[in-house]
Amino acid sequence: MIETLKQTAKKVLDALQNEGAEQSETTVTYTVTHEFNVDGGAFSLFRTLFDKKLTMSGITAGKRGTVSQNRWDDATVAESAKACMDAANASMPDDAWQIAPLTKNEDFTLGEVRPDLDRLFMRCRELMDTIRDRFPKIIMEQMIVSHRERFEVKANSNGVLFSTHGGSYEAMLMYSAHEGEKASSFFGGGVITDNLDKPFIACGSIETDLENVEKQIETESVEGKFEGTMVLMPGCAGELIGGMLMNFAGEQGLLSGTSPWKEKLGEPVADERLTVSIAPLDERIVCGERYTDEGFPAKNYDIIRNGRLEAFALGLYASNKLGLARAENDSYNMIVAPGDKPLSEIIASIDRGILVGRFSGGQPASNGDFSGVAKNSFLIENGRIGSALAETMISGNLAEMLRRVRAISKETVAEGMTVLPYLAFDGITVSGK
Amino acid sequence: MIPDLLTDKKYLFAAGANTELRAQRNLNRRVVLLNGNLVNNVQTDQFGVSARVYENGVYGFSSTGEYSEETVKDVLKAASENAAFLAGHAGRGKGPHKPMPAARRFTAYDLANVEQKTYIAFAQALDAYIAEKYPDLLSRTIVATADSMEKLLCVSNGADGHSVLPRSYVYIIMTAATPDGKPVELYKVLGGYGTFDRNFRDPKDCYAAIDALYDRVRQKAEGVYPEAGNKTVILGGILSGMLAHEAVGHTVEADLVIGGSVAGPNLGKRVGSDLVNLVDFAHTAFGKPTPLPIHVDDEGTEATDAVLIRDGILTGYMNSRETAERFGMVPTGNARAFLFSDEPLIRMRNTAVLPGTSKLEDMIASIDDGYYLTDTNNGQADTTGEFMFGVTFGYEIKNGKLARPLLDTTISGVAFEMLKTVDMISDEMIWASSGMCGKKQPMPVGMGGPAIKCRVTIGGR
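Protein chains in written order, with the working numbering: chain A, 1 to 433; chain B, 1 to 461.
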């Protein structure tokens, strides 16, 4: 299959050149997905998908167009190449549009490429049985367990030619806990793995999450308003910090000039204990990218090291446009370095605060202000985890928050995409009804 | 139009099973100008065929991106095998769905694919207007976009159909600086159902909306944070539409009811004041086409309106054929799939709070201390009905009059408690249709509502 994809990629680059492209690039993928669905606690659907995808970009006189579609027969390739260059010709020139130079081409094989469907079904049923026996209050709204086999070729007119044949398993769960008419908030989580050696319940934070949600049926609201410590559970920390990095260190904020970090490269932006890496090559990341979407070999990099801003998450266009270094990869595989204290010790040190499992918030403003509802969360009082919370809002400023790290836990959760500890921040406003 | 390679394959449908064959094409266009730089110039085209087979209480599904006589047979065979695999391992001992009358609902509309240069030229014209007239803005973004889906459906029982759902929009996003130099952002969406060339004939038609947006983002730059707490507010139509969709609509999707949503124990009970009525419209509302009309869903159910709340009482759910049988309800055509490779899920169509009889100015005049909230950039809700909306613009109300404009904030509440506090509803409503609802798959949806007066928790800073 990889050979077929390489021939298709060559055909695409030739077609773009025939249409006048001076520089061109393409990605050709073929995926086969097998997926079991559980709805309302019972098996409901078994899907098999055969998907092609072909993306091509052409640049002429600094003008760029992109077409993406799911067929690669000769007629469609020729038609798409023409549409791509028509779009390029209709745009305006910008020298920042370039393609990756040839460095070193490579073929990669990652993960478990072929599914063991009987074993996957067994692991799925085992998880359902475990949840029914050990967490009887849980209603599984939806569980999706799948394997995806992926063939991909990336090529450009500078001679870049990468390929990947990869395969991984994924389990995604969405559930809530119930007792009579009382219910917890829903919670979603999951794992990606390249083997089925362990039961799903032992992967990532699935077991801890189920335990927590079962404790969230009875809730209280915070009385009034206080300023305290917010401890983010690992999954929630990933979403909040990932969103913040997109806002502050991503292309949109920098190209528009609204990022508060635009002049901060090399300067301290966070507590010195905080190190955040984007690391698809880390061994705990499953089938992480080996080359970027633009055709550069992928390398791990630190975006924040010991509190200092080390890099921006920029692709080649934004890098050229802004005169700043390109990011070493374009994945979302975030790894936050662990601290030296166990979570129990961190909690024991907090007089009043909140342990947050999920943040349901408005998109943070470009200046970093955020506010939203703390879901799947618990009150922390006098060093102990107290009652589960409902209708409780948290607010603060993301940039200020990073400077007010109270502690980072020793424990981390690796769910295949990220590796994250518990993170505690001071100075967060918590308000009830 | 997608050629019909499906109808003559009905002879392959297994007796005693429900079978759907669907060929589908999704087209997208997207042009983004950020401060005059064309940072996105992309078109996508996804086309293929899928089959779904229901047997012994479970479904098998298969799809491929190739559409030919052979691949139609291939996906049908693979879907049947998948259904048999799952039925063998986890069958539920159920027979096929209740039969529905055969019908054929074909639209004549062919999918026009407007050239990329049209989008680029239109975006450039708007960008040039803003750059020249409003040079003090910190940044400006123009997004010209369109998406459309064409579906050809063939089912073992129910309605066969052909449908086309095109929509196109221009997003105008402006960032201005506060007096202390912090950025504040506001956006406006123009457009709706229809192809780009029909919705956007002349850039000049957008200038008034641009001027109004600039005026509002300047006001916002001088704005204040609201005082946090439980307050009396008026939610403008965009927010009440989001309330209808996020906070109520999702909880009354029957798959979420089975998953334990708050609507389960509340069917037939009071969930709002007498003034509250909420409907998921199919193709016609108030004598006009809905923003995103649906005539047949992807299970072959002819689409009708789903009345969800009548005079404050929760009256129904949105269903697939399977869940309708489980709840003893009539399916109203809510099972929709996003791509050819997606199976139908229970989705909303055009969900709205119905208008009342009050005048907006009287509603404002009735509040001594509260807020009028007009714009939002996102919303989320829980299966418990607890919701959170980001609010990007609004005004204080002091002594019955609009006062200072607001900076970004958040509101939250619990839908079935908050709806009981509704004591005035305006007589005019507005629709929005640019949204993409996220469930397992994305889906274009319409939502709408009048201004409603109620109590919610508003976040301060």
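Read the hints as simulated data drawn from the structure, not as lab findings. A few of these clues could be false.
[Unchecked claim] Quick list of in silico lysine-lysine cross-link-like pairs, DSSO-like style, CA-CA up to 27 angstroms: (1) B:Lys133 with A:Lys321; (2) A:Lys137 with A:Lys53; (3) A:Lys225 with B:Lys9; (4) B:Lys439 with A:Lys137; (5) A:Lys104 with A:Lys137; (6) B:Lys77 with A:Lys53; (7) B:Lys9 with A:Lys433; (8) A:Lys52 with B:Lys9; (9) A:Lys225 with A:Lys262; (10) B:Lys117 with B:Lys204; (11) A:Lys225 with B:Lys420; (12) B:Lys182 with A:Lys321; (13) A:Lys433 with B:Lys117; (14) B:Lys359 with A:Lys52; (15) A:Lys82 with A:Lys137; (16) B:Lys420 with A:Lys182; (17) A:Lys433 with B:Lys94; (18) A:Lys264 with B:Lys182; (19) B:Lys204 with A:Lys198; (20) B:Lys73 with A:Lys262; (21) B:Lys10 with B:Lys73; (22) B:Lys359 with B:Lys401; (23) B:Lys73 with A:Lys137; (24) A:Lys182 with B:Lys269; (25) A:Lys53 with B:Lys188; (26) B:Lys231 with A:Lys433; (27) B:Lys77 with B:Lys188; (28) A:Lys53 with A:Lys6; (29) A:Lys137 with B:Lys182; (30) A:Lys104 with A:Lys299; (31) A:Lys53 with B:Lys73; (32) B:Lys440 with A:Lys53; (33) B:Lys77 with A:Lys182; (34) B:Lys117 with A:Lys321; (35) B:Lys204 with A:Lys82; (36) B:Lys10 with A:Lys225; (37) B:Lys269 with A:Lys52; (38) B:Lys117 with B:Lys10; (39) A:Lys53 with A:Lys225.
Just so you know, these numbers come straight off a predicted model, no measurement behind them.
Right, here's what the structure says about each hint:
no.: 1; hint: B:Lys133 with A:Lys321; verdict: holds (25 angstroms)
no.: 2; hint: A:Lys137 with A:Lys53; verdict: violated (42 angstroms)
no.: 3; hint: A:Lys225 with B:Lys9; verdict: violated (65 angstroms)
no.: 4; hint: B:Lys439 with A:Lys137; verdict: holds (24 angstroms)
no.: 5; hint: A:Lys104 with A:Lys137; verdict: violated (54 angstroms)
no.: 6; hint: B:Lys77 with A:Lys53; verdict: holds (23 angstroms)
no.: 7; hint: B:Lys9 with A:Lys433; verdict: violated (59 angstroms)
no.: 8; hint: A:Lys52 with B:Lys9; verdict: holds (24 angstroms)
no.: 9; hint: A:Lys225 with A:Lys262; verdict: violated (34 angstroms)
no.: 10; hint: B:Lys117 with B:Lys204; verdict: holds (18 angstroms)
no.: 11; hint: A:Lys225 with B:Lys420; verdict: holds (25 angstroms)
no.: 12; hint: B:Lys182 with A:Lys321; verdict: holds (23 angstroms)
no.: 13; hint: A:Lys433 with B:Lys117; verdict: violated (52 angstroms)
no.: 14; hint: B:Lys359 with A:Lys52; verdict: violated (54 angstroms)
no.: 15; hint: A:Lys82 with A:Lys137; verdict: violated (58 angstroms)
no.: 16; hint: B:Lys420 with A:Lys182; verdict: holds (19 angstroms)
no.: 17; hint: A:Lys433 with B:Lys94; verdict: violated (47 angstroms)
no.: 18; hint: A:Lys264 with B:Lys182; verdict: holds (16 angstroms)
no.: 19; hint: B:Lys204 with A:Lys198; verdict: violated (62 angstroms)
no.: 20; hint: B:Lys73 with A:Lys262; verdict: violated (56 angstroms)
no.: 21; hint: B:Lys10 with B:Lys73; verdict: holds (10 angstroms)
no.: 22; hint: B:Lys359 with B:Lys401; verdict: holds (14 angstroms)
no.: 23; hint: B:Lys73 with A:Lys137; verdict: violated (44 angstroms)
no.: 24; hint: A:Lys182 with B:Lys269; verdict: holds (16 angstroms)
no.: 25; hint: A:Lys53 with B:Lys188; verdict: violated (33 angstroms)
no.: 26; hint: B:Lys231 with A:Lys433; verdict: holds (10 angstroms)
no.: 27; hint: B:Lys77 with B:Lys188; verdict: violated (47 angstroms)
no.: 28; hint: A:Lys53 with A:Lys6; verdict: holds (13 angstroms)
no.: 29; hint: A:Lys137 with B:Lys182; verdict: violated (47 angstroms)
no.: 30; hint: A:Lys104 with A:Lys299; verdict: holds (13 angstroms)
no.: 31; hint: A:Lys53 with B:Lys73; verdict: holds (22 angstroms)
no.: 32; hint: B:Lys440 with A:Lys53; verdict: holds (20 angstroms)
no.: 33; hint: B:Lys77 with A:Lys182; verdict: violated (44 angstroms)
no.: 34; hint: B:Lys117 with A:Lys321; verdict: holds (23 angstroms)
no.: 35; hint: B:Lys204 with A:Lys82; verdict: violated (31 angstroms)
no.: 36; hint: B:Lys10 with A:Lys225; verdict: violated (64 angstroms)
no.: 37; hint: B:Lys269 with A:Lys52; verdict: violated (49 angstroms)
no.: 38; hint: B:Lys117 with B:Lys10; verdict: violated (42 angstroms)
no.: 39; hint: A:Lys53 with A:Lys225; verdict: violated (51 angstroms)
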